[in-house]
Amino acid sequence: MRSLVISILVISLAAVGSVFALNIVSLERERLRREEGIGIVMPSAVARIVALEFKGIFADIIFSRAMTYYGGKLIREEELTGEEWDWIYKNMDLATDLDNYFLDPYYFGAVNLSWGANKVKEANALLEKALKYRDWDWTIPFNLGFNHFYFLQDNKKAASYLIEASKRPGSGNLIPTLGARLEYEGNRTENAVIFLEENLKTTDDETIRYIYEERLKALKSILFLERAVTAYQSRFNKRPKKLEDLIARGIISEIPKDPYGGQFYIDEGGSIKTTSGLFHK
Amino acid sequence: MIAIWSVASITFKEGIKNRVLFGIFIIALLLFAATTVVTTLFMRDIVKVAVDLSLSTVSFSGLLTLLFVGVNLFGKDLDKRTIYMVISRPISRSEYLIGKFFGIVMLALTVVVFLGILSALPVIISKKFYYYSEARFNWWIFFIAVIYIFVKLAIVSSIITLFASFTSNSFIALVLSLVTYIIGQSTESVRLLLASQVEKMEVSPVVSYMVDAAYYIFPNFSAFDLKTQAAHGLAISPSYILWTGLYAVFYITVAVAIGTLAFRRREFP
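The listed protein sequences correspond, in order, to chains A and B.
Just so you know, our numbering puts the end of the first sequence at 506, numbered straight through with nothing missing.
Just so you know, our numbering puts the end of the second sequence at 271, numbered straight through with nothing missing.
I should point out that these hints are in silico values taken from the structure, not numbers from a laboratory.
Do not take every clue at face value.
[To be verified] Each pair of labels, with its calculated beta carbon distance range:
1. B:Asn140 x A:Asp430: 24 to 30 angstroms
2. B:Asp214 x A:Lys392: 38 to 44 angstroms
3. B:Ile174 x A:Arg301: 51 to 57 angstroms
A quick note: this is a predicted structure, and the numbers were derived from the prediction, not measured.
C-beta atoms are modelled at their ideal positions from N, C-alpha and C, and glycine is treated no differently.
I would like the entire structure built from these sequences, with the hints used as guidance.
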């Protein structure tokens with residue numbers, strides 16, 4: 226009887242102790258992880274060999290590890306350094322080398338590298354790989370077209386990608402029209418609005434939707450102001466010097482707010498700009 | 003033929019009674035359950051992740067069954083000296099070995115059929131949960147991949163038969179089979195690596211001959227790995243099925259035939 230009591234006592238004390246110690250261990254691990262930062266990325270030729278028949282799972286793990294790292298940074302509200310973005314790109318590249326058809330790393334890489342890190346070249350490299358393998362998926366050339374139009378301002382290439390997208394099943398009938406519109410240099414803001422609205426339709430990821438919606442709001446405000454400037458010009462035969470002129474002459478009632486926290490203004494060329502540069506400060 | 007069949011059915015019955023199988027099934031069920039949770043962490047290609055995980059579970063469980071149950075089924079007769087009872091009967095040694103081989107193939111078939119049907123569940127659940135419109139998935143290709151897992155396990159069985167025919171200890175047979183499995187899974191990738199990087203790095207001709215030799219000697223398991231095709235619904239041509247099927251039949255014949263040769267000459271302690 227006595228030995229039973231002692232055993233139970235020892236077990237319960239040790240159990241409490243282990244839970245307590247584990248809590249401290251997880252804090253220590255957290256610190257270790259933060260110091261550890263990013264690791265090296267295995268060359269894909271080596272990874273293909275060591276993954277044996279589990280290449281698919283390997284790709285899943287590599288992708289989710291990078292995504293978790295990115296998510297952790299986002300939650301702690303820390304900025305990713307250029308080196309960390311490179312690491313994310315390499316991981317996405319490796320994951321898609323292990324499974325050439327895996328959409329998530331292509332998509333995650335392409336959206337975040339272009340919007341988040343301004344690494345459009347890397348984003349497009351991923352998308353080009355996806356274009357080759359996912360040869361049925363119209364969203365890939367569509368995204369490539371968008372990146373060429375929006376970030377690289379290469380309308381010709383963008384249009385050719387959109388034509389490619391329109392040839393693939395399920396792309397709908399808006400895309401060829403958009404491709405044709407891109408052949409003309411004008412209407413930039415309006416085209417961007419159409420593009421983004423189309424992007425929004427195919428996105429259900431909350432974070433990415435937020436990126437698109439915010440940019441769409443800003444672009445619509447710019448479009449609104451651009452149209453007001455055109456109206457001003459046709460009525461008074463001169464360009465407004467500042468946006469307040471538009472209000473003073475009763476063309477608009479108020480200047481819309483920049484969702485990125487900046488102020489809209491008219492630059493010397495007469496186009497609408499914002500002090501935020503369409504990025505969060 | 004009757005002799006082969008009776009050895010096979012005894013081997014199968016002995017294998018299916020093994021408690022290790024319960025452990026393997028529990029692990030497989032836990033992995034299937036985990037699949038449905040893990041897939042929620044992904045963005046769009048959720049069905050792909052579910053297919054990856056559930057087919058790998060089938061393959062892994064089959065492999066565990068063969069390595070931990072199948073190998074022991076060979077060793078038991080020798081360890082417990084029951085082999086004398088068998089070889090004193092009107093049955094040739096070759097028939098005995100071939101019977102053993104078919105017995106563990108039946109064991110592998112049972113595991114694959116049972117888990118293969120169960121593996122559809124996590125895929126169905128994840129498909130209900132979210133199906134991206136540009137994803138491609140096809141049940142036919144999924145089940146072809148399941149059948150190919152069985153074909154691969156049949157080759158592993160033939161390898162086990164070969165090693166068990168001349169090793170004195172079932173642990174050595176297990177290690178040799180495991181090593182063969184690992185080499186067989188990677189020869190194709192190593193060969194591709196050497197072929198693609200020839201310009202960048204110096205590969206001595208000896209190394210590339212060795213890799214080529216290994217490619218032909220060891221079974222090319224990559225040929226039977228259709229998980230990616232199943233995950234993305236990529237078409238598999240009839241000629242692929244024909245030639246990989248023939249390759250499997252030839253390879254198994256060679257391995258089992260060499261095994262019977264070695265087993266016939268073997269002396270029992």
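C-beta pair Ile174 (chain B), Arg301 (chain A): status relative to the range 51 to 57 angstroms that was hinted = 52 angstroms, holds
Falls inside 38 to 44 angstroms, the C-beta gap from Asp214 (chain B) to Lys392 (chain A)?
-> 42 angstroms Cβ-Cβ, so the 38 to 44 angstroms window holds.
Pairwise beta carbon distance, Asn140 (chain B) to Asp430 (chain A), judged against the given window 24 to 30 angstroms | 25 angstroms, holds
No hint from the list above goes unmet by this structure.
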